[in-house]
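Here the protein sequences come in this chain order: A and B. Using my numbering, read the first sequence as starting at 1 and increasing by one per residue. Using my numbering, read the second sequence as starting at 113 and increasing by one per residue.
Since the hints were derived computationally from the structure, they do not count as laboratory data. Built from N, CA and C at the ideal position, the CB exists for glycine as well. Hints are not guaranteed to be accurate.
Said to hold, decoys possible - Pair ranges (Cβ atoms, derived):
| id | chain 1 | residue 1 | chain 2 | residue 2 | range |
| --- | --- | --- | --- | --- | --- |
| 1 | B | Val195 | A | Ala16 | 45 to 53 Å |
| 2 | B | Gly128 | A | Phe64 | 41 to 49 Å |
| 3 | B | Gly197 | A | Tyr54 | 38 to 46 Å |
| 4 | B | Gly128 | A | Thr60 | 50 to 58 Å |
| 5 | B | Gly128 | A | Ser42 | 27 to 35 Å |
| 6 | A | Ile46 | B | Gln162 | 35 to 43 Å |
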Amino acid sequence: AQTVTQSQPEMSVQEAETVTLSCTYDTSESDYYLFWYKQPPSRQMILVIRQEAYKQQNATENRFSVNFQKAAKSFSLKISDSQLGDAAMYFCAYRDAIRYIFGTGTRLKVLA
Amino acid sequence: NAGVMQNPRHLVRRRGQEARLRCSPMKGHSHVYWYRQLPEEGLKFMVYLQKENIIDESGMPKERFSAEFPKEGPSILRIQQVVRGDSAAYFCASSPSGTGSSPLHFGNGTRLTVT
């Protein structure tokens with residue numbers, strides 16, 4: 001069965017610094033997609049970035065980028081120039097033809 | 113273009129009562145997912161539905177829980193004879209297709225409290 005693991009329950013970063021959130025997954029599928037979502041205190045789930053497994057190039061969205069290592073089944077999120085508004089729970093997610101599953105989340109604290 | 117609408121936002125039920133949670137997906141979306149989130153925890157997959165069909169219900173408890181997505185109207189997550197352990201936030205999300213890189217569009221959730 002497919003699984004998504006986030007081994008860091010909580011991370012802290014100083015404002016303007018860079019932080020990396022880890023995510024590993026397990027699947028036997030060849031066609032799948034990976035996502036990072038953000039959940040601020042409002043509870044609204046917000047898409048941060050997505051990656052197609054068939055693309056070798058790492059996705060980038062402004063200050064957010066991923067390090068996708070397909071062979072290692074690793075999908076980490078890098079946040080550059082961290083801002084106070086980045087403080088939230090971050091969830092890694094996996095999708096194939098049937099499943100859309102989430103990791104347990106990493107709570108990111110941004111220190112002023 | 114309205115997003116995913118969930119209601120009620122908050123629901124309080126006594127033990128043994130029934131809870132009905134509603135989800136109207138985004139216009140044009142025919143795929144609906146339900147997730148449960150306990151305090152300070154992640155989203156746990158419950159069920160994936162397409163119009164009139166349950167595609168995957170592997171995350172649903174075998175008893176007391178059911179879900180439907182009729183041809184007309186919202187998707188309904190129904191919990192019969194609620195217990196305190198059912199207290200959680202329940203999120204609905206929709207997607208235009210069952211595959212691909214389309215992200216899920218989430219509702220704001222229904223917070224169920226069982227007293």
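- Index of numbered hints that the structure contradicts, given in increasing order: Failing hint: just 6.
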